[in-house]
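Chemist: If you want the building blocks of each chain, they are given just below.
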Amino acid sequence: MADEPLLEVTDLSVEFPTDDGVVHAVDRVSYSLAEGETLGIVGESGSGKSVTSLAILGLLPKRAKVTGSVRFLGRELIGMKDNEMRLLRGRNIAMVFQDALTSLNPVIRVGDQIAEAITAHRVISKHDLSARVIKLLELVGIPNPAERANQYPHEYSGGMRQRALIAMMIANEPDVLIADEPTTALDVTIQAQVLEVLERIKQRTSSAIVLITHDLGVIAGVADRVLVMYAGRQVELGTADDIFYRPRHPYTEGLLASLPRLDRRSGSERLHRIKGQPPSLLALPPGCAFNPRCPHAKHKSCDGPRPELVAIGRRAHLSACLRVDEIYAEAQESS
Amino acid sequence: MIKFIARRVFFSIPVLVISSFIVFWGIRETFDPTAKYRTSKDATRLIAEKRKELGLDRPIVVQWWTWATRFVRGDWGVSASTNGKVTAMTSRALGFTVQLIFWGVLISLVVAIAVGVYSAVRQYSVADVALTGLSYLGVAMPPFWFALLAIQFLSVEPKLRWHLDRPIFYFVGLHSTGQSGFNMDYVRHLVLPVLTLTVQTVAVWSRFQRAAMLDVLSADYIRTARAKGLRRRQVIFKHALRNALLPLVSQTAVDAGALFGGLIITESIFSIPGMGRLFIAALLVGDVNVILAWMLVGAVFVILFNLLADVVYGILDPRIRVQ
Ligand SMILES: Nc1ncnc2c1ncn2[C@@H]1O[C@H](COP(=O)(O)OP(=O)(O)O)[C@@H](O)[C@H]1O
Ligand SMILES: [Mg+2]
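Chains as they are written, first to last, in our numbering: chain X, 1 to 335; chain S, 1 to 323.
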């Protein structure tokens, strides 16, 4: 048998019943993650990146309807009992949340919040525990860790809070670490430092990392593979090189065009924003969800059926563009 | 923490000084100690004489200062109706009242927190809905009526039905004659008045605690706690409850005045010679010194209660301490 993926997500969908109708927050997302791999998940805000990850960990509110399958080392996680799932959370699969300020408990010392992540999963002496906590804080680059461990979240800066949250989630060297926009709230220099911490963790432990962001720039040079999401659906999946140099979906192209690039002459080409707004998840257009904003969509075929990810050539590069063959015909031949 | 408390005590002094003046002035405006001479012969002369004797002809600030300096030294004057020393009367009454308040607040808090947390964790369950209904009943029911029902059904009826020598729960005083101290007799006297005192506070505070707990349970840090793999029990009691207690602590302080006032009904019904009864008696005869003492003790009580709430808040929430 071929080696089993660490994490295998198949047709994962999440629906929220609301007063206005059913919100299809995540619609049939599938991906797999190998040991030690870094997968980037990119998409505008509201595209279902966080909800996908929360569904994997079983942390969505009860009213969320989750279907599909998530297998961790062959074990099905969807529908697993909470007290069983608890044993995997933080130990096998951990998640660093988007907003570090609100994600830390304001009335508990940071050191104690980290210690708790350890004692939730194993028995350890008091002495070893505090040594381990200090070591973790040091690993994520917090100065004076012994002193800092006794402080409360409000005494930390934004970047330090994010790092403390990371320390908490790597405490048990999880097999999978999901980092949900860990740098979004931070300024650029701190962003780089936090990414460095993730890189260091990857080298030190053999954790596979899912790095979620709305900014393709963040995962350049970090991710092995990239999944692009739009309106709760996946639109493109490929290696980082595929996505950055051979994008095969107009939405990915749009994201790339909105990146500031050094190789672009300043002034001659302004930064592009993708025109229009993401669609309402209550009423997606038929066919391709990107249709209303797509520069290429003037064609009947874009109106339906709902596009699926399709392999391009022989490589493991998948696109959900219904007209991928036409739009990228020339590029295809040359590549 | 000690610095924090010291500062709070220090800042409460001007509050007390100002409120004592307002109380003093208000009472001088509304009660006339010479009113009882109005019907006597030669009223005008007698009243003028008495006014001079009592110092009522001097400016209000001077009167207040004289009264306040005596008050601080523990000389609260004599009662107009009994001629007894107000200081002694008040401290005796206060002894009873403190017992009622202590047990009332303690039991209210414990029950309200337990009910609130349970309802929030089991939101929309049968138990939650039932407790919600009960709490509306508790809020709507006038305490004196509740007290009368409680006396009837918990004391009088059982005694008659089972032909008991003495009722299970007493409804007069805090001790039987000849008894004292903390014993079964005390508990049997305490149950009904404390129950009366707590019905409304439990109803209101448990709603409050439920809302706070629901709010906290949806916070991001609760999700973090779960993501770490903590047990449900730890998530609820260590992470959620501590944060969810903060609003109730503030609310308790706000309700302190109402609690002190609420004693009037309870003490009257259960014949407990505490501050509430003292106040009612003084009010009926216009016993100015006793009313003044009651008001001031009430103010000190509210301030102390708020101080205590602040200290508890500071212990629970480290963000407060640094300021
Ligand atoms: N608890 C919820 N109830 C209803 N809708 C939700 C809930 N959580 C998320 N959503 C919706 O799901 C969609 C995807 O959200 P999210 O995964 O947070 O986006 P992203 O992380 O990509 O910015 C959003 O439109 C959001 O409004
Ligand atoms: Mg998100």
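If you're looking for bench data, these hints aren't it; they were derived computationally from the structure.
Among the clues, some could well be false.
As the list claims (entries may be wrong) - Listed below are the simulated DSS-like cross-link pairs for lysine-lysine, each with C-alpha atoms no more than 25 Å apart in a straight line:
id, chain 1, residue 1, chain 2, residue 2
1, X, K81, X, K65
2, X, K126, S, K159
3, X, K81, S, K3
4, S, K50, S, K36
5, S, K3, S, K36
6, S, K85, S, K50
7, X, K275, X, K298
8, S, K238, X, K62
9, X, K81, X, K135
To be verified - Chain S side only, calculated, beta carbon under 7 Å to chain X, not exhaustive:
id, residue
10, D32
11, K36
12, D42
13, G229
Here a beta-carbon is modelled for each residue, glycine too, at the ideal position from N, C-alpha and C.
Chemist: Evaluate each hint against the coordinates.
Modeler: Tested hints:
| no. | hint | verdict |
| --- | --- | --- |
| 1 | X:K81 / X:K65 | 15 Å, holds |
| 2 | X:K126 / S:K159 | 58 Å, violated |
| 3 | X:K81 / S:K3 | 49 Å, violated |
| 4 | S:K50 / S:K36 | 11 Å, holds |
| 5 | S:K3 / S:K36 | 51 Å, violated |
| 6 | S:K85 / S:K50 | 20 Å, holds |
| 7 | X:K275 / X:K298 | 15 Å, holds |
| 8 | S:K238 / X:K62 | 22 Å, holds |
| 9 | X:K81 / X:K135 | 33 Å, violated |
| 10 | D32 | 54 Å, violated |
| 11 | K36 | 58 Å, violated |
| 12 | D42 | 71 Å, violated |
| 13 | G229 | 4 Å, holds |
Taken one by one, the earlier hints fail for this structure at numbers 2, 3, 5, 9, 10, 11, 12, listed in ascending order.
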